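Construct the complete structure from the given sequences, taking the supplied hints into account.
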Amino acid sequence: MKTLTHLDRLEAESIHILREVAASMQNPVMMYSIGKDSSVLLHLARKAFYPGPIPFPLLHVDTTWKFREMIAFRDALKDDPQTDLLVHINQEGVEQGIGPFTHGSSLHTDVMKTQGLKQALDKYKFDAAIGGARRDEEKSRAKERIFSFRSAQHRWDPKNQRPELWSLYNTRIKPGESVRVFPISNWTELDIWQYIYQENIDIVPLYFAAERPVVERDGILVLVDDDRLPLEPGEEPMMKQVRFRTLGCYPLTGAVESSASTITEIIEEMLRTTTSEREGRAIDKDAPASMEMKKQEGYF
Amino acid sequence: MDGYAAPQFADIETYLDSQLKKSLLRFITCGSVDDGKSTLIGRLLYESKMIFDDQLASLKNESKKFGTQGEEIDFALLVDGLAAEREQGITIDVAYRFFSTDRRKFIVADTPGHEQYTRNMATGASTADLAIVMIDARKGVLTQTRRHSFIVSLLGIRHVVLCINKMDLVDYDQATYDRILAEYRDFAADFGFESIQAIPVSALAGDNVVSNSDRTPWYDGPPLMEYLDTVEIASDDAGKAFRMPVQWVNRPNLDFRGFAGQIVSGSVKAGDAVRALPSGKSSKVSRVVAMGGDLDEGVEGQSVTLTLEDEIDVSRGDVLCADKQPAEVSDQFQATMLWMSDSAMLPGRSYVIKMGARECQMQVTEEKYRIDVNTRAHEAGKTLKLNEIGVVNIALDREVAFDPYEDNRRMGGFIVIDRMTNETVGLGLINFALRRASNIHRQAMDVSKELRASMKGQKPVILWFTGLSGAGKSTVANIVEKRLAAMGKHTYTLDGDNVRHGLNNDLGFTDADRVENIRRVGEVSKLMVDAGLIVLVSFISPFRAERRIVRQMVEEGEFWEVFVDASLEAAESRDVKGLYKKARAGEIKNFTGIDSPYEPPQAPEIHLETDRLDPEAAADLVIERLDAAGLLGG
Numbered sequence: 491m492k493t494l495t496h497l498d499r500l501e502a503e504s505i506h507i508l509r510e511v512a513a514s515m516q517n518p519v520m521m522y523s524i525g526k527d528s529s530v531l532l533h534l535a536r537k538a539f540y541p542g543p544i545p546f547p548l549l550h551v552d553t554t555w556k557f558r559e560m561i562a563f564r565d566a567l568k569d570d571p572q573t574d575l576l577v578h579i580n581q582e583g584v585e586q587g588i589g590p591f592t593h594g595s596s597l598h599t600d601v602m603k604t605q606g607l608k609q610a611l612d613k614y615k616f617d618a619a620i621g622g623a624r625r626d627e628e629k630s631r632a633k634e635r636i637f638s639f640r641s642a643q644h645r646w647d648p649k650n651q652r653p654e655l656w657s658l659y660n661t662r663i664k665p666g667e668s669v670r671v672f673p674i675s676n677w678t679e680l681d682i683w684q685y686i687y688q689e690n691i692d693i694v695p696l697y698f699a700a701e702r703p704v705v706e707r708d709g710i711l712v713l714v715d716d717d718r719l720p721l722e723p724g725e726e727p728m729m730k731q732v733r734f735r736t737l738g739c740y741p742l743t744g745a746v747e748s749s750a751s752t753i754t755e756i757i758e759e760m761l762r763t764t765t766s767e768r769e770g771r772a773i774d775k776d777a778p779a780s781m782e783m784k785k786q787e788g789y790f
Numbered sequence: 041m042d043g044y045a046a047p048q049f050a051d052i053e054t055y056l057d058s059q060l061k062k063s064l065l066r067f068i069t070c071g072s073v074d075d076g077k078s079t080l081i082g083r084l085l086y087e088s089k090m091i092f093d094d095q096l097a098s099l100k101n102e103s104k105k106f107g108t109q110g111e112e113i114d115f116a117l118l119v120d121g122l123a124a125e126r127e128q129g130i131t132i133d134v135a136y137r138f139f140s141t142d143r144r145k146f147i148v149a150d151t152p153g154h155e156q157y158t159r160n161m162a163t164g165a166s167t168a169d170l171a172i173v174m175i176d177a178r179k180g181v182l183t184q185t186r187r188h189s190f191i192v193s194l195l196g197i198r199h200v201v202l203c204i205n206k207m208d209l210v211d212y213d214q215a216t217y218d219r220i221l222a223e224y225r226d227f228a229a230d231f232g233f234e235s236i237q238a239i240p241v242s243a244l245a246g247d248n249v250v251s252n253s254d255r256t257p258w259y260d261g262p263p264l265m266e267y268l269d270t271v272e273i274a275s276d277d278a279g280k281a282f283r284m285p286v287q288w289v290n291r292p293n294l295d296f297r298g299f300a301g302q303i304v305s306g307s308v309k310a311g312d313a314v315r316a317l318p319s320g321k322s323s324k325v326s327r328v329v330a331m332g333g334d335l336d337e338g339v340e341g342q343s344v345t346l347t348l349e350d351e352i353d354v355s356r357g358d359v360l361c362a363d364k365q366p367a368e369v370s371d372q373f374q375a376t377m378l379w380m381s382d383s384a385m386l387p388g389r390s391y392v393i394k395m396g397a398r399e400c401q402m403q404v405t406e407e408k409y410r411i412d413v414n415t416r417a418h419e420a421g422k423t424l425k426l427n428e429i430g431v432v433n434i435a436l437d438r439e440v441a442f443d444p445y446e447d448n449r450r451m452g453g454f455i456v457i458d459r460m461t462n463e464t465v466g467l468g469l470i471n472f473a474l475r476r477a478s479n480i481h482r483q484a485m486d487v488s489k490e491l492r493a494s495m496k497g498q499k500p501v502i503l504w505f506t507g508l509s510g511a512g513k514s515t516v517a518n519i520v521e522k523r524l525a526a527m528g529k530h531t532y533t534l535d536g537d538n539v540r541h542g543l544n545n546d547l548g549f550t551d552a553d554r555v556e557n558i559r560r561v562g563e564v565s566k567l568m569v570d571a572g573l574i575v576l577v578s579f580i581s582p583f584r585a586e587r588r589i590v591r592q593m594v595e596e597g598e599f600w601e602v603f604v605d606a607s608l609e610a611a612e613s614r615d616v617k618g619l620y621k622k623a624r625a626g627e628i629k630n631f632t633g634i635d636s637p638y639e640p641p642q643a644p645e646i647h648l649e650t651d652r653l654d655p656e657a658a659a660d661l662v663i664e665r666l667d668a669a670g671l672l673g674g
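These protein sequence lines map, in sequence, to chains A and B.
Note that the working numbering gives residue 583 to position 93 of the first sequence, counting from 1, and the numbers run on in steps of one.
Note that the working numbering gives residue 586 to position 546 of the second sequence, counting from 1, and the numbers run on in steps of one.
Calculated directly from the structure, the hints in this document are not laboratory data.
One or more hints might be untrue.
Stated by the list, open to error - Only pairs whose alpha carbons sit at most 16 Å apart, straight line, appear in this in silico EDC-like list of lysine to aspartate or glutamate: (1) B:K617 <-> B:D535; (2) B:K61 <-> A:D708; (3) A:K664 <-> B:D458; (4) B:K62 <-> A:D498; (5) A:K664 <-> B:E463; (6) A:K537 <-> B:D334; (7) A:K492 <-> B:D336; (8) A:K492 <-> B:E337; (9) A:K649 <-> B:E463; (10) A:K649 <-> B:E155; (11) A:K649 <-> B:E556; (12) A:K492 <-> B:D334.
No experiment lies behind these values; they were computed from the predicted model shown.
Here it is as structure tokens:
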């Protein structure tokens, strides 16, 4: 008889979770951030409901500062009959001209991402938002349930989480309340890459090394993705062989110098690396508990 | 022993192949507060090179700020992820951590020691195959050690590693170690553990964590990491009979009807005979559907989609089983429960349970006994408070398929949810059905008024709307009933006029007939109260004595007089049915308010002044009062 590998078991657990959301929530949505974890989540959703279509829409909260290649990758999904893609932009933020350079990364993320997300959830009245967060990413995520309850104000109360036993998820909520659901909670970064390799999953080309124009700031290599990046006096974009370990808003996401241009090379590089994948993200470093605070306020 | 996670490979493909063959071991760490659980996990992560440089830098930074180890790195800060945990230096909630060796991948649930967070500890234990029980060598076996070991045993974990920690603080004394081990073995003798591996460690100093320590020459067992890497955890779920709770019926078009779920035991192939429970209908599997091509076989742990040869009725919550070895079906069980809420478990109260993919209503019909977690003595009890464990009989509102928990964890475990708050308030493990599948006689059960009512999530009551004709009794009663129905409550309205068309069509309007009219309506209301319903009676019922007769038929608190109080002028001016006009004209005799008296209630439970309140507001007031009196559940 077939014995299951750890990836088989992780996949089966994630599919089980996705089906529970679809079966027991009134109006679920899958957060689609265009990154590799989203690609894996989307692949798992296709598998969960095959041969039927994915029974919930995908939602991308666009901060308007994503890499252009991410947007192109996302827009290719619009032609896919199995998926229904929604894009939400916080128009108030756009009208106020909120951006990472003018207002700082913290305010930009709060307005365009966290507030934008809450707006979208309220607008469409979603009662369950599926996300691709993993417990190995960050300390407060390691503490979060798979079905994570949110108050009507989208707040997370980390000290009062529902016990979560076996694979029995309590999906009951009152009107206005919602849950965030994390089907790949138990995957590690390595699991994600191995699964992408095993299943041949399509990901944004930015993950692969290529010659790209970058500038170095505070030790972080920032891609000159468009002409909105204000160059400091004397700053010249330089061409470097770089790739990205995570994707977000381009001014807030650091590139790493790399020659890894295939999945296997990426995995090989990862095995030899000595820094965590979130290191390139400005958002985590503000204060020790910054992710926990953001999550309490409604960030994913 | 440095090479645990450092990649050793000639080429990446070979490496990936070897990675893909790794097995998965889930374990928990538990024990009392300050026994060093988080420190041990931090140490395991550090030693297995799972901590990146940037994480180490921020750890050093935080160690200075919050740490308890002076200038040393405080590994506990790696796992205590919540701000409140780092500030207080305790673990509040379970944290999941990941590391791997060349053989295995590990998912560790680090669980809290404080008694108030026992439910979070149970959360971690429910998915674990092995438990590391930490003991502070200076303190020995404590209450929390006993509690956690008992819960570990209860939830079916069969392998325990007893980490006798802080050996550095007892000078690596063998006698201390031996004494604690003997005490633990004695205490856990009947826990059904297949193995207890004791290891003397210092999580802080690293003794016997990844390599054997020179400071414990008397210890000849393996270090912790080696033991975790090699311990055989035989899960025989794969060899058991096929079970798959149906989560989702996949019907993308008229030609395809698939049943999606995760196989919790056994395996299934096309052609296998299966039985759907609780219906008992059989069919054969026609395909094991998967994206990328059908599977030859679906095995334990896999999430699959099955199609059947026959169009039998199967829906979410049903269980597909091997036809020759089906699960049992029942609606009454003996179960062991652990209560996890500040509000005590109350027998007779209606709860929701979730079991497999099925949600249904449940109530505890009887508490057999409570278990003292220290002595495991049985104590008499009527309720279960936070963190208490008891053996109870439960009744569900429908039949469900199950296996006893000790035979199949995922077919016999359930969670209990409060209907009002939606919190997860308890967990339960089915011991056996009170009505055996082989026994066609139903176990006698006293289905009482309380049981019927609590299954409806309410308390039965008669709402007796009395008042002049045209006062608005039926209008208000009608709105109240609609509100109650919208809240999921079970109601019935007895309207004076309607009853006279049927049950009482032999009665006229003489005094004797009036009394008989009321008596019959009272008896019918009483039967409905017995059935657990909220009964709305809309009757002029002008005489106090008549109303008192009905009040005396039922128990105290079950009769509520609702005085719909309108002045005669107001009622007469409405005159919806034109009756006042006729009465004034002498066409109707004995008309209440005109030529027959109305005796207003002296102490009605609810007084509605309809000259002042519109019908909606009056109905609001009734609902508010019912709710405040606790009649609507909660």
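Checked hints:
no., hint, result
1, B:K617 <-> B:D535, "holds (15 Å)"
2, B:K61 <-> A:D708, "violated (42 Å)"
3, A:K664 <-> B:D458, "holds (12 Å)"
4, B:K62 <-> A:D498, "holds (11 Å)"
5, A:K664 <-> B:E463, "holds (11 Å)"
6, A:K537 <-> B:D334, "holds (12 Å)"
7, A:K492 <-> B:D336, "holds (10 Å)"
8, A:K492 <-> B:E337, "holds (8 Å)"
9, A:K649 <-> B:E463, "holds (14 Å)"
10, A:K649 <-> B:E155, "holds (15 Å)"
11, A:K649 <-> B:E556, "violated (61 Å)"
12, A:K492 <-> B:D334, "holds (15 Å)"
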